[in-house]
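> Each protein sequence line maps, in turn, to chains B and E.
Each residue of the first sequence is one higher than the one before, counting from 1 in the working numbering.
Each residue of the second sequence is one higher than the one before, counting from 1 in the working numbering.
Treat the hints as calculated values from the structure; they're not laboratory data.
Take these hints with a grain of salt, some might be off.
Distance condition first, Cα-Cα at most 20 angstroms in a straight line; then the derived SDA-like pairs of lysine to any residue [what the hints assert, rightly or not]: (1) Lys160(E) - Arg143(B); (2) Lys160(E) - Arg134(B); (3) Lys160(E) - Asn113(B); (4) Lys160(E) - Ala136(B); (5) Lys63(E) - Val42(E).
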Amino acid sequence: MTDKELRVSKIRDGTVIDHVTAGQALNVLAILGIDGSGGESVSIGMNVPSDKVGQKDVVKVEGRELSQSEVDVLSLIAPEATINIIRDFDVIEKNRVERTDTVRGILVCPNRNCITNADEPVRTEFEVLDDGVRCAYCDTIIREHDVAEHIDARGAGETAL
Amino acid sequence: MLQDHLISAAHLSRDDIEAVLDHAAAVDADPDLVRDRHAGRVLALCFFEPSTRTKMSFESAMKRLGGETIDMGSVESSSVKKGESLADTVRVIEGYADAMVLRHPSEGSAKLASEFVDVPLVNAGDGAGQHPSQTLLDLYTIRENAGLDDITIGIMGDLKYGRTVHSLAQALTNFDVRQHFISPESLRLPRNVRYDLHEAGAQVREHTDLDEVLPELDVLYVTRIQRERFPEEREYLEVAGEYRIDNEVLSDASDDLTVMHPLPRVDEIAPEVDETKRAKYFEQAHNGVPVRMALLDILLGGNE
Ligand SMILES: [Zn+2]
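Chain B with its partners taken away, still in its complex shape:
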């Protein structure tokens, strides 16, 4: 770990999401459904100087690992991110996020008339395009820079099931 990364305190067990696109840290928390009410211990570094990408954000979450669908959405807003699983202050696993073909749950369709916004037993499903995502039900396209706006922080995209 470099000195620069030490600006954000070390954690004992949990996940460090590093090399997040600068400015996206709060959206990463939104994807993880973290708003402070759950009592997690969270540290955020924003616009941290980085040799690799100029500036980056870093998010450290104590006692929490990520689900696949969370990683999938993460890959849209922070394609360069690395996910480090920490146990007892050591990085035991380091993964790059990978873009998937489909994102299920988590995103909410912006089309209010889309059937996934009605009270139906269905998870949202978005096909990943080069430059955004597209609702598998109504075909509405969300451009990449707008994706973060459509994250359902409460995870309702999941709980409908």
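Please build the complex by placing chain E with the ligand on the supplied structure of chain B, with the hints as guidance.
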């Protein structure tokens, strides 16, 4: 797809389309071919919003195949009004029928419904989304009158909310067709449809003025511009007149131009056009029955 459901024109391949159109042509030429082929089978008509014509056309098609139809009556009197989910409704109705036709006001409803049933399901319009069986009869009419390759089509009117337009534009990408879209700026094709056309490498241009392209067209497909799409009456009046055709407007068109419209029309096409050989919209509506007979026959496994 055609052994399964018909949800979106985006899923239709050229082979699928030709299979339906060829079969429709055979049925059209000789209705005895399929008479009583589906005796004893039942088609459920699930219309969550009213559409007398589409519903009657499916009803007529199923009856001419020897089958029966059932429907859920008006939405007001059904369990839907009591808050039952679409998923539950179609799972119940599946038990009553061998196939289903669904019309619903929400986009994506047909895809959702198809995930909960095993019987073939036909999307007969989901909100502003898709109306693929209309597309098949549109393609049938185009093929009969102009052919489906090396033609130029103009599609005019409300391209934003017009689901028949969305299905048709996508289906046409399977053929060698130059597509011109003519609409007011505010009613342009939605982004997702333009995306698909682009991905398919379709030859597409957009216009606000019909005059720019009219002489090149083999087919002009007109749709209705609805008053309620405009926040102000004044804005509607400004555009409405520009997208109305009569014989004078058509004087620059090719003699062989085929004029189509999914109907009902209000005043987009002057009645005087009806008398000309260009007018094919009633023929187009009549084609709904043989095309839907062919479609149901294929989905019900009748022509195997
Ligand atoms: Zn949607």
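> Assess, step by step, whether the Cα of Lys160(E) is no farther than 20 angstroms from the Cα of Arg143(B), and give holds or violated.
holds (19 angstroms)
> Please verify whether Lys160(E) and Asn113(B) have alpha carbons no more than 20 angstroms apart.
holds (14 angstroms)
> Given the hint that Lys63(E) pairs with Val42(E), does the C-alpha gap stay at or below 20 angstroms?
holds (9 angstroms)
> Does Lys160(E) pair with Ala136(B) here, judged by a C-alpha cut-off of 20 angstroms?
holds (19 angstroms)
> Quick one, are Lys160(E) and Arg134(B) close enough, alpha carbons at most 20 angstroms?
holds (17 angstroms)
Hint compliance for this structure: every hint is met.
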